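Q: Residue-level listing of the chains:
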Amino acid sequence: MTQLKDKAPLGKVIVITSGKGGVGKTTSAAAIAAALAKRGHKTVVIDFDVGLRNLDMIMGCERRVVFDFINVIQGEARLKQALIRDKRLDTLWILPTSQTRDKDALTQEGVEKVLNELKEQFDYIICDSPAGIERGAQLAMYFADEAVVVTNPEVSSVRDSDRVLGLLASKTKRAESEGTEVKAQVLLTRHDQRRIDAGEMMTIEDVLEILAVPLLGVIPESPAILRASNVGMPVVLDEPSAAGRSYETAVARLLGEDVDMHMEGEKRPGFFSRLFGASA
Amino acid sequence: MSLFGFSLRPRRPKSAQTAKDRLQILLAHERRDGSDGPDYLPMLQADILAVIRKYTKIKEDDVDIRMERNDDISSLEINIEIPSEGPEKSIASALPGRRMKSRG
Ligand SMILES: Nc1ncnc2c1ncn2[C@@H]1O[C@H](COP(=O)(O)OP(=O)(O)OP(=O)(O)O)[C@@H](O)[C@H]1O
Ligand SMILES: [Mg+2]
Chain A
1 MTQLKDKAPL GKVIVITSGK GGVGKTTSAA AIAAALAKRG HKTVVIDFDV
51 GLRNLDMIMG CERRVVFDFI NVIQGEARLK QALIRDKRLD TLWILPTSQT
101 RDKDALTQEG VEKVLNELKE QFDYIICDSP AGIERGAQLA MYFADEAVVV
151 TNPEVSSVRD SDRVLGLLAS KTKRAESEGT EVKAQVLLTR HDQRRIDAGE
201 MMTIEDVLEI LAVPLLGVIP ESPAILRASN VGMPVVLDEP SAAGRSYETA
251 VARLLGEDVD MHMEGEKRPG FFSRLFGASA
Chain B
281 MSLFGFSLRP RRPKSAQTAK DRLQILLAHE RRDGSDGPDY LPMLQADILA
331 VIRKYTKIKE DDVDIRMERN DDISSLEINI EIPSEGPEKS IASALPGRRM
381 KSRG
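Quick mapping for you: the protein sequence lines, in order, are chains A and B.
Each residue of the first sequence is one higher than the one before, starting from 1 at the first, in the working numbering.
Each residue of the second sequence is one higher than the one before, starting from 281 at the first, in the working numbering.
Chain A extracted, bound-state conformation (with noise of 0.2 Å):
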């Protein structure tokens, strides 16, 4: 990592989306960003959610907001004015949104100039991703180089994902004019054992089989969520706690880490290698 320093900043852009709203992204992208950052690579999570900004609020920097990314769009403000950095790491930044505006005030060519300058500077540009399919979900998935799909084992949740990674395979820059391909992962949360075993929820395997793309990562459904969203602090910086470790291990695998998911809570050590065991 202390090698990177002199390199040029790698400048990946990764979209956290789902179509489905409420399933996780805002609290999946502020742990994947500090994730990252605590594993010294700098980082900036960018909240797109334009007109509901929490991102703030998750990463408890909102006293802290002067300017946004709008302002930065719209030329009332410089990047570098608008961009916060986390008190609690110093390769963590959050570029927050408006409050006030709506999605039209999101421009493609606005936010394509702000990843470009961004790119400059950050190893990881992470996107908040807004619920849905509209304007403002295809400009934080636009520019993607990778995507992480949250997705619920729930069958709205499941349908919307496949209907998002159908986006992501289209309408990216990297699909209508350089014909490659954004990396699309499936990160499950809210995953919940106990209802698995009672037969009330799709197992893993049920929704993989569905959505046919790899899986990232299992986040189980858990307490210390809500801790760390009320005391403003990404699940991984908090106590330590199973859905911490869980995105510690869906970061390691992001980052291309031959790491086993063994799950948190998991009885059944097998399990995961039997899911993994050949892919890897």
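If you're looking for bench data, these hints aren't it; they were derived computationally from the structure.
Computed from a predicted model, the values in this text were never measured in an experiment.
Incorrect hints may appear among the rest.
Stated by the list, open to error - Straight-line alpha carbon distances no greater than 30 Å define the calculated DSS-like cross-link-like pairs of lysine-lysine that follow:
hint	chain 1	residue 1	chain 2	residue 2
1	A	K80	B	K337
2	A	K38	A	K113
3	A	K42	B	K339
4	A	K87	A	K12
5	A	K87	B	K294
6	B	K337	A	K38
Since the structure of chain A is already known, use the hints to place chain B with the ligands on it.
A: Chain B with the ligands in isolation, oriented as in the chain A frame:
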């Protein structure tokens, strides 16, 4: 501190209380100023830039306005980096950390 003769051990505040406190502070500001902070900030910044430029050359990026909202008071921190020219190399920044307090 002792109340009714026994002392209350300092306890970690419950996270729900922290959540409520954070929301109360934030929403009080948002309801008053609109959600994006006082809207005179971009103009204030432009004016500061113009004033400094009467005396020396600085770039737009050299003026940095930071705000921290708190319960009853918000602080505005304005940092202006003035590039050192020629022999006077030591003046790396003027008005370091000068704060303007505004009643909130
Ligand atoms: N693993 C989890 N365990 C328990 N609660 C969770 C978990 N993940 C997310 N939540 C809760 O679910 C709710 C929605 O989470 P979050 O805001 O991250 O979703 P979102 O996808 O960003 O929503 P939106 O579509 O509105 O932007 C929050 O209350 C959050 O605390
Ligand atoms: Mg969100």
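Q: Give a verdict on every hint.
A: Hints, verified against the model:
1. A/K80 x B/K337: Holds - the C-alpha atoms of B/K337 and A/K80 are around 19 Å apart, at most 30 Å.
2. A/K38 x A/K113: Distance of about 27 Å is within 30 Å: holds.
3. A/K42 x B/K339: holds, 25 Å
4. A/K87 x A/K12: Roughly 23 Å separates the two Cα atoms, so the pair holds.
5. A/K87 x B/K294: holds, 21 Å
6. B/K337 x A/K38: Cα-Cα ~38 Å, so violated.
In summary, the structure is inconsistent with hint 6 from the numbered list given earlier, while agreeing with all the others.
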